[in-house]
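> Next come the chains, spelled out residue by residue.
Number of protein chains: 4
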Amino acid sequence: MDDDERVRQHYERRHDPTRVLALSDGIVAIIITLLVLELHVPQLAGGQTLKDAMREVRPSFLAFIITFVVVAIAWAGHRDLFSQIRRTDRALVWLNIIYMFPLCLLPFGASLISRYENDPVALRMYGFILLAIAVTRLGIWAYATGRPHLLFAPMDPQSRRAGFAVVVVPAAVYALAIIFASAAPTASLAIYGVVPILYFAGITLARTLALPGSAERDFT
Amino acid sequence: MDDDERVRQHYERRHDPTRVLALSDGIVAIIITLLVLELHVPQLAGGQTLKDAMREVRPSFLAFIITFVVVAIAWAGHRDLFSQIRRTDRALVWLNIIYMFPLCLLPFGASLISRYENDPVALRMYGFILLAIAVTRLGIWAYATGRPHLLFAPMDPQSRRAGFAVVVVPAAVYALAIIFASAAPTASLAIYGVVPILYFAGITLARTLALPGSAERDFT
Amino acid sequence: MDDDERVRQHYERRHDPTRVLALSDGIVAIIITLLVLELHVPQLAGGQTLKDAMREVRPSFLAFIITFVVVAIAWAGHRDLFSQIRRTDRALVWLNIIYMFPLCLLPFGASLISRYENDPVALRMYGFILLAIAVTRLGIWAYATGRPHLLFAPMDPQSRRAGFAVVVVPAAVYALAIIFASAAPTASLAIYGVVPILYFAGITLARTLALPGSAERDFT
Amino acid sequence: MDDDERVRQHYERRHDPTRVLALSDGIVAIIITLLVLELHVPQLAGGQTLKDAMREVRPSFLAFIITFVVVAIAWAGHRDLFSQIRRTDRALVWLNIIYMFPLCLLPFGASLISRYENDPVALRMYGFILLAIAVTRLGIWAYATGRPHLLFAPMDPQSRRAGFAVVVVPAAVYALAIIFASAAPTASLAIYGVVPILYFAGITLARTLALPGSAERDFT
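Protein chains in written order, with the numbering used here: chain R, 1 to 220; chain U, 1 to 220; chain P, 1 to 220; chain Z, 1 to 220.
For reference, chain R alone in the conformation it holds in the complex (with noise of 0.2 Å):
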């Protein structure tokens, strides 16, 4: 290996983003299996047969599968910005890890709802963190899509529009779920059910209207 060589590799070595993925993989991966750890095998009570105690385990077997949606979209996004990404820089890496934070609180919310899903503290302290999943990603894309020496080419207005069209539509509607909480309860739990549904529609219609070769084309 000449100098030349080792001097463009300890570039790319510096700016390059796969550390910042391996560390995200393996968050979302921890992530997504914990949440197993809060479906507890039942305890039978005296006289009840496992039938009966299984119903006990519905509430929290609901907040497993809304959670484990909500960090398979979190995890499919991130894969589609980081596709565009080539670069990696300081504030890069910083808004990545933010962009952690509240995914790693997702285990304790989605132990909160399975608990007291019908309570508006749970509800919306479930919301909340969605929410910031929301805007850290939508910083992070913000960041990234507007800097070209970031990515493998310009993106053109149009591309970012639609990734923030993506992420803010679903954000809204998580915000009425957080303000409806106290008054009606289940229609926020049914939110959280139902937004991963109008998300992946979402991705459809923009891959749908998207010109050839535009960056919505691979929205996963």
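No lab work stands behind these hints: they were computed from the structure.
Just so you know, even glycine gets a beta-carbon here, dropped at the ideal spot from N, CA and C.
Cβ pair distances, simulated, as ranges:
no., chain 1, residue 1, chain 2, residue 2, range
1, P, 45, Z, 54, 27 to 33 Å
2, U, 6, R, 187, 44 to 50 Å
3, R, 198, Z, 54, 50 to 56 Å
4, Z, 61, P, 59, 20 to 26 Å
5, R, 198, U, 154, 36 to 42 Å
6, P, 169, U, 128, 52 to 58 Å
Position chains U, P and Z relative to chain R; hints supplied.
The following block gives chains U, P and Z in isolation, referenced to the frame of chain R:
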């Protein structure tokens, strides 16, 4: 790096399976390691020796071994499949996440059968998780192997069928275990323990019967 | 692949930092995610509302935030250091494992100060863990930056000193926090919360004062 | 990419150790981090200070340190071995999974000896886990080093024997610890703590005695 190279890198990055594999390996590593948390060090009741108390750990240990092997097979099969895959697309990313769902439930299932090893409800639920792993694995196989642009090399129909067979046969046996869980719980549990051995034999058979150069030759 | 290429690949593989980084990233990802397990969903005592009960979670939450930031900084510093390192050797592998030791103790330390946030013993122990992270990090820095054959580029003395300073200064403040843990426990806790902010300022200063092309320019 | 290149990539991918290493590193990272969950923050009994209560944590802490070192050595040895390996095959994949089995049991073993540090049953079980790690590690070594097509370079008999020796010697000492667990439990525990130091000395010896260019030179 010239522009063409950057565009090519960008294209490959967006369809690159690397992060899908990183997430999957991470999840599998965590699941297989979390299983041990179900092995509880016994508390000694008055006059009990540790030797006696360890006997209570046996069902947990059995569940640990069975589930360890299930996860290992799921991972080896996943590795075989993705060794054929050169590129991912949106559907493949989501099919893979769906595959992770029953895998993530396995520690709960293992916990269930370790505490209620004779209860049909526990045995059935464990069977359903195994069945779901098989079905979602078939989903990835069917999708990917039918799309040559995602593969390193187009797959001949014989190899595709072999890939189906090694999953469908155990899945059918698991279905039997679910059906007989009430009538013969011990038989159910035995099936969960014995199927991996059959699976091994099946793979060895598929490798032996396969033509040189065919995909089955590399089944793990 | 010809023989020379294979020999070269073999040589690089044996001194390749890849697996050291994979292990480190994995450990950091797990530590940062395990912290959430210390946030216990409260059990409601008679007549208590969830809102009241959540107040008891506050010290845990504070410990969670502080420790999250500590781990994030440890990881970012590790990434900075290894972005300079092209090859590993036996000592570096073991120095890195020694660095992982206090990191792995962090969830225990966080658990201690979240339950006994005013107890000098808990605060001192947390401080010792932070100090050990700093000392072991310095060990890697001192070893690697003084051995040009392990680096992408030889490091000038000024950059080496800057790399020391950003670790030694916070470590000295942590030592103060340990000393004053008995006399002023609240001050100790405050120090653990404030030092990361100083660290940020310090890095920013080091980047600003640094010459173009020097290693400090890339401190994260 | 032309067809030949794709075929070659495909071939290498199917025999590529990357995912085997990713799984192994992930499992090791999790095991080493889960150990800390055995360090329980003490509950204070009436009138007890935290300082007194921390004394009860000592056996757990000892078990933590011993097991941390055991896992670190297992990982370093695994890295050494796989730095020789260029390709995997079916047997190697499964031998590696079998190696992971006793490793995954380690947190349970650590938990046993941390709670029953003088009980022969606990000490014996811990010893059996350590022995199983050694035996399965030898299995990989024997299989891989005897198959030149899996290696970067054929391994000379002297290096193969050195690789055996550094594992067999500690394994023999562990066997002694198991035998004397009933008669001298403290000696057993001491052996588990001291063997890693012998292992270090052994590796250093093997490196010193080795010819330049031989595999032992790179033992970690």
